[in-house]
Amino acid sequence: MKSFEEKLDQYAELVVKIGLNIQKGQRLLINSPIEAADFTRRLTKYAYEYGCKRVFVDWVDTGLNRIHYLNASEEVLKDFIQPWEIDKFNSLADQNDCMLYIAGTDPAAYANIPPERIMYVQKNGADKLKSLAEKRLRGDMPWAIIGVPTEAWAANIFPDLNKEEAVAALWEAIFKTVRVDQPDPIAAWEEHSAALTKKVDYLNEQNFKTLHYKSKGTNLSIDLHPDHKWVGGGHPSTFGTVYIPNLPTEEVFTTPHKYGVNGTVASTKPLSALGNLIENFTITFKEGKVVDFSAEKGYETLKQLISMDEGMLYLGEVALVPHDSPISNSGIIFNNTLYDENASCHLALGNAISMALKTKDISSEEYEEKGINHSSGHTDFMIGSADLEIEAEYHDGKKVPLFRNGNWA
1 MKSFEEKLDQ YAELVVKIGL NIQKGQRLLI NSPIEAADFT RRLTKYAYEY GCKRVFVDWV
61 DTGLNRIHYL NASEEVLKDF IQPWEIDKFN SLADQNDCML YIAGTDPAAY ANIPPERIMY
121 VQKNGADKLK SLAEKRLRGD MPWAIIGVPT EAWAANIFPD LNKEEAVAAL WEAIFKTVRV
181 DQPDPIAAWE EHSAALTKKV DYLNEQNFKT LHYKSKGTNL SIDLHPDHKW VGGGHPSTFG
241 TVYIPNLPTE EVFTTPHKYG VNGTVASTKP LSALGNLIEN FTITFKEGKV VDFSAEKGYE
301 TLKQLISMDE GMLYLGEVAL VPHDSPISNS GIIFNNTLYD ENASCHLALG NAISMALKTK
361 DISSEEYEEK GINHSSGHTD FMIGSADLEI EAEYHDGKKV PLFRNGNWA
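Residue numbers for the sequence shown follow the working numbering, beginning at 1 and rising by one.
Everything labelled a hint here was simulated from the structure, so no lab data went into it.
Just so you know, these numbers come straight off a predicted model, no measurement behind them.
Careful, some of the hints might be misleading.
Cut-off 16 Å, straight-line C-alpha distance, at most; resulting in silico cross-link-like pairs (EDC-like, lysine to aspartate or glutamate) [to be verified]:
#1 K358 / D227
#2 K289 / E310
#3 K214 / E393
#4 K123 / E75
#5 K17 / E49
#6 K399 / E389
#7 K289 / D309
Go ahead and model the full structure; you've got the sequences and the hints to work with.
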């Protein structure tokens, strides 16, 4: 049996070698909660062992952020990202360096803060770092998102355990989601990525026109964009490497037509957004646009989220994940999008993902005329369940089952 230290080392190496696939001479920027300092040091060590030229760390302190959100003026929040920060990110992107984001902050870290104040900062960042996001999604800059337990996050998920037990339980859950519990995690990931690629190849060969979703609370049709491309598993960079942006990942995803979404969809897992949880919500679309919505909890947060800009009223991503998958089978609701989206079929409000289009180098300015959604935001929400049925429709009107009882038909 592996020791805890062995699992930590294997996880760190997996992130560096398979997630980022760091090459000799590349630099790495890690965005990390201060509570994850120990694992960040471990990642830094492995990055250097794999030839990284220099590792930089941006520390995230939710307590400090909370003070900013509550006390800084609205004017400051709307101009929060400074020019030197933009220069830093662009320097990394222009040299094909890597970025790693560590998720792990308290899902309710910003509870009782007016959500619009959080949105000011997020929108400012999205607008000012727009070119960086485009380079990243195009594959100019390998990146990945991973999870590391923090006491607050662990307590949120395992409220009946004491502090130490909750953190330990969350570590073990994360190790399973990223296959560190298997004898050879790197080999397991290579096999898993190949399986996702096989599913992607099938979907691209079929070239479906429309997906029809039905489950409790959901009756929705989504036209796929004529230029859509299914993506999943490893992603090629523009300079020949392959990296895996999400660890874990169980999804294959593509691009909907901005104006081709009609019907109502019900969420099946809580959504952590703007530092708050949104639960048991429904969204109704007509000709692509959100025309109605409700939420049992977090209604005002959902309202602020979709009011970020016009594009947040439309879908930018369609993703398929079988209900019978490792994260779903764990029975754990992580209250963290990285994990919960990979336990469930999901959709995303906001910006389309350029790598999920056949045509390369479509500028965001061209998105509108081509029926591709453009937004400063991109928020995934989960809709998968054991009763989800999806029918796929070809261009000639023929329909075939794609999902039955929440899983691939």
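Original post:
Does the alpha-carbon distance linking K289 and E310 stay inside the 16 Å limit?
Top reply: Judged against 16 Å, a Cα distance of about 9 Å means the pair holds.
Original post:
Is the straight-line distance between the alpha-carbon of K17 and that of E49 16 Å or less?
Top reply: Answer holds: K17 to E49 is near 10 Å, not above 16 Å.
Original post:
Given the proposed pairing of K399 with E389, does the C-alpha separation stay at or below 16 Å?
Top reply: Holds: K399 and E389 sit about 13 Å apart, inside 16 Å.
**OP:** Starting from K358, check that the Cα of D227 is at most 16 Å away, please.
**Re:** Within the cut-off at roughly 6 Å; holds.
Original post:
Given the hint that K214 pairs with E393, does the C-alpha gap stay at or below 16 Å?
Top reply: At roughly 14 Å apart (the allowed maximum being 16 Å), E393 and K214 satisfy the hint.
**OP:** Compare the distance between the alpha carbons of K123 and E75 with 16 Å, and conclude whether the hinted pair is satisfied.
**Re:** Judged against 16 Å, a Cα distance of about 13 Å means the pair holds.
Original post:
Is it true that the CA of K289 sits at most 16 Å from the CA of D309?
Top reply: holds (12 Å)
Violated hints are absent here; each numbered hint is respected by the structure.
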